[in-house]
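Participant: One-letter residues, chain by chain:
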Amino acid sequence: MSNKVLEGLFYTKNDEWVKVEDDLGTIGISDYAQDQLGDIVYVEEIKKGTIVNQGDIITTVESVKAVAEVYSPISGEVIEANHTIIDEPSHINGDPYGKGWFAKIKMSKPEETKELMNASDYGDYRK
Amino acid sequence: MKLIFEKSFPGRIGFSKPTDLFDDIKLEESIPIKYLEKNKKQLTEVSEVDVIRHFTKLSKFNYGVDDGLYPLGSCTMKYNPRINEKMAGLANFSYAHPLSFPDMAQGSLELIYRLDKLLCEITGMDKYTMAPASGAHGELTGVLIMRKYFLDHGEKRHKMLIPDSAHGTNPASAAMAEFEVVEIKSNENGTVDLESLSHAMDGETVGLMLTNPNTVGLYDEGIESIQKIIHDKGGLLYYDGANLNASLGIIRPGDAGFDVVHLNLHKTFSTPHGGGGPGSGVVGVKSRLIPYLPTPVVALEESSGKYYFKDVGEKSIGMIRSFWGNFSVLVKTFAWILSLGPEGLYECSKASIINANYVLAKLKEYYKPAYDRYCGHECTLTGREYKKYGIKTLDIAKRLMDYGFHPPTIYFPHFEPYADETIMIEPPESEGKEVLDDFINTMIAISKEAKENPELLTSAPRRTPITRTDDAMAVRRPILTYDDELRLKDELNYQEKDINF
Chain A
37 MSNKVLEGLF YTKNDEWVKV EDDLGTIGIS DYAQDQLGDI VYVEEIKKGT
87 IVNQGDIITT VESVKAVAEV YSPISGEVIE ANHTIIDEPS HINGDPYGKG
137 WFAKIKMSKP EETKELMNAS DYGDYRK
Chain B
1208 MKLIFEKSFP GRIGFSKPTD LFDDIKLEES IPIKYLEKNK KQLTEVSEVD
1258 VIRHFTKLSK FNYGVDDGLY PLGSCTMKYN PRINEKMAGL ANFSYAHPLS
1308 FPDMAQGSLE LIYRLDKLLC EITGMDKYTM APASGAHGEL TGVLIMRKYF
1358 LDHGEKRHKM LIPDSAHGTN PASAAMAEFE VVEIKSNENG TVDLESLSHA
1408 MDGETVGLML TNPNTVGLYD EGIESIQKII HDKGGLLYYD GANLNASLGI
1458 IRPGDAGFDV VHLNLHKTFS TPHGGGGPGS GVVGVKSRLI PYLPTPVVAL
1508 EESSGKYYFK DVGEKSIGMI RSFWGNFSVL VKTFAWILSL GPEGLYECSK
1558 ASIINANYVL AKLKEYYKPA YDRYCGHECT LTGREYKKYG IKTLDIAKRL
1608 MDYGFHPPTI YFPHFEPYAD ETIMIEPPES EGKEVLDDFI NTMIAISKEA
1658 KENPELLTSA PRRTPITRTD DAMAVRRPIL TYDDELRLKD ELNYQEKDIN
1708 F
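Protein sequences, first through last, are from chains A and B. Taking the numbering used here, I'd label the letters of the first sequence as residues 37 to 163. Taking the numbering used here, I'd label the letters of the second sequence as residues 1208 to 1708.
Bear in mind the hints are in silico, worked out from the structure with no lab data behind them. Incorrect hints may have been included.
30 angstroms max Cα-Cα, derived DSSO-like pairs, lysine-lysine [stated by the list, open to error]:
(1) A:Lys163 with B:Lys1493
(2) B:Lys1655 with A:Lys135
(3) A:Lys150 with B:Lys1392
(4) B:Lys1363 with A:Lys163
(5) B:Lys1334 with A:Lys101
(6) A:Lys135 with B:Lys1493
(7) A:Lys101 with B:Lys1363
(8) B:Lys1575 with B:Lys1363
(9) A:Lys40 with B:Lys1363
(10) B:Lys1224 with A:Lys163
(11) A:Lys163 with B:Lys1575
(12) B:Lys1241 with B:Lys1293
(13) B:Lys1293 with A:Lys40
(14) A:Lys163 with A:Lys83
(15) B:Lys1594 with B:Lys1655
(16) A:Lys40 with A:Lys83
(17) B:Lys1658 with A:Lys40
(18) A:Lys163 with A:Lys101
Okay, the calculated beta carbon distance ranges per label pair [unchecked claim]:
(19) A:Asp123 with B:Gly1218: 26 to 36 angstroms
(20) A:Lys55 with B:Lys1522: 30 to 40 angstroms
(21) A:Asn39 with B:Asp1579: 25 to 35 angstroms
(22) B:His1438 with A:Asp123: 43 to 53 angstroms
Since we're looking at a predicted model, the values are computed, not measured. Just so you know, even glycine gets a beta-carbon here, dropped at the ideal spot from N, CA and C.
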């Protein structure tokens, strides 16, 4: 079982991560999530300009064994979506914290990250 | 094994057309140019014997209910008794033209009429439509009836509640009827969480789509409270008949408070299923919903004793399929019900429940059940324990194929924390104890292999014509036609080494 946790990111109980740089949050799904899903074959496109609240469904991913909803770990506006994962969903499996990122969100409530887990708490949560 | 296209030989043919009839006809004069295909289609040139041998060979690689146990959970892959086929093959049924005058097809109409009565008696509903051609088609028909009912009553309801354990077709059908889907979480017993349900049910909600026993094979004991919660807020309760095989002669959905029911005749009622089909997803309703059924229905004119097609009226959702449903499936269903009778139907459900609980009891020590309780007609085990050996549930299923079994349903339903790495086994009533024991012993042997020799599982199947396939590539770059094959062959670096036909 693969369960790599990257330091410096915040994590949700639903296995999303967010990396915060100033008021910009980059989001994706964790190594544990990609491993549980198995080979991902489809990701629904995330539209630039979408306004999301924390916990809203931001996209859907489909693997050979399941369809899973991805919830936004933070509130804000999508200012950039990763189009390469639409054509190559395998990036999410191969590099969930890097090439497999989903979207960049301009955060409207930066304080929300306080409700999320840090790397060590998340590592314990998915031990 | 070569594809039939690769067996092509220029000029070889399997039939002769009456040349003098077609010689003078120019295609361009018969069909408008804009409809003519510009590129010539790649068709194979083979003789009749080439075709027969090709498809006979392919058919030998097939596995169906006539070959052995087919324990696909939530699918009810039961044996299809031959008497059904014999009845459906009677010339008066098989040659009946759908546009015959009703006077000339009284027997066929009577069968539809009497089947309606039988299904009403079995399920506690008031009237059925035989039109829907499949389970999902029945669902769509059912939710459109619910939609029309509220429109007709001037109520604006736009939400549909669906448990997280539901078949994916439920939310899809609700969405096609333009409802917003609201997911209801399952509790630790694997059934609908009543608190979440009460919270979600309101005056803007159409109702709930429920499968009972549900998709993990568990009877929802909260049904009485569920129906009260839905009906108190003016909603309607929809019954997905996927798992009716656990209920015949035991409980009727109509008595449990369901307003709309669809049945999969190709599951519970023993008609062929899958590629053999076709299916039939007949829909039954309570009396207040009869005006909204698809039109027409078969009715009996008391004075003349004749059957006829009756227009349902202006409130009907309209026709949802051409002609009168998949009629031969209705004949097979009728034959099955009559050949079993009330006692036989009860025995069928009883045997299917005993079979599933037998498998559960024998295997729970090896494959942890998702829920620790008795099950309905199918049991939900998990392959969680084997993760530590690097074994996925998928590997267990693939290994079963090496032992000559069709694998059970895996990874469905899939919702954490309860139903994770699921293996859903449905051994229908047509399976005897020896068959189940064989299967159980094989599952136990695989459990041992997983711990001691996991490569046997991860490299499985090895004894089948096609070995482990690349599922992800098959979805990302599907090869569905010979044109795709030619187009993608180089790009995908297509390898034939694992296809040892």
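Participant: Could you grab the alpha-carbon distance between B:Lys1293 and A:Lys40 and see if it respects the 30 angstroms cut-off?
Facilitator: Cα-Cα ~60 angstroms, so violated.
Participant: Is 26 to 36 angstroms a correct range for the gap between the Cβ atoms of A:Asp123 and B:Gly1218?
Facilitator: 43 angstroms Cβ-Cβ, so the 26 to 36 angstroms window is violated.
Participant: Is B:Lys1241 close enough to B:Lys1293, meaning Cα to Cα at most 30 angstroms?
Facilitator: Violated, because 46 angstroms separates the two Cα atoms, which is more than 30 angstroms.
Participant: Given a hint of 43 to 53 angstroms, does the C-beta separation of B:His1438 and A:Asp123 actually sit inside it?
Facilitator: 49 angstroms, holds
Participant: Hinted pair, alpha-carbon criterion (30 angstroms max): B:Lys1363, A:Lys163. Please report holds or violated.
Facilitator: Distance ~47 angstroms between B:Lys1363 and A:Lys163 Cα, so the pair is violated.
Participant: Within 30 angstroms, alpha carbon to alpha carbon, are A:Lys150 and B:Lys1392?
Facilitator: It holds: about 26 angstroms lies between the C-alpha atoms, which stays within 30 angstroms.
Participant: Lying within 30 to 40 angstroms: is that true of the beta-carbon distance A:Lys55 to B:Lys1522?
Facilitator: The hinted range 30 to 40 angstroms is violated for A:Lys55 and B:Lys1522, with Cβ atoms some 56 angstroms apart.
Participant: Within 30 angstroms, alpha carbon to alpha carbon, are A:Lys163 and A:Lys83?
Facilitator: 34 angstroms, violated
Participant: Does the structure keep B:Lys1594 and B:Lys1655 at a Cα separation of 30 angstroms or less?
Facilitator: 14 angstroms, holds
Participant: Compare the distance between the alpha carbons of A:Lys101 and B:Lys1363 with 30 angstroms, and conclude whether the hinted pair is satisfied.
Facilitator: Violated, at roughly 37 angstroms.
Participant: Taking only the CA atoms, is the gap from A:Lys135 to B:Lys1493 under or equal to 30 angstroms?
Facilitator: Distance of about 55 angstroms is beyond 30 angstroms: violated.
Participant: Take a quick look at whether A:Lys163 and B:Lys1493 sit within 30 angstroms of each other, Cα to Cα.
Facilitator: 51 angstroms, violated
Of the hints listed earlier, those the structure fails to meet are numbers 1, 2, 4, 5, 6, 7, 8, 9, 10, 12, 13, 14, 19 and 20, in rising order.
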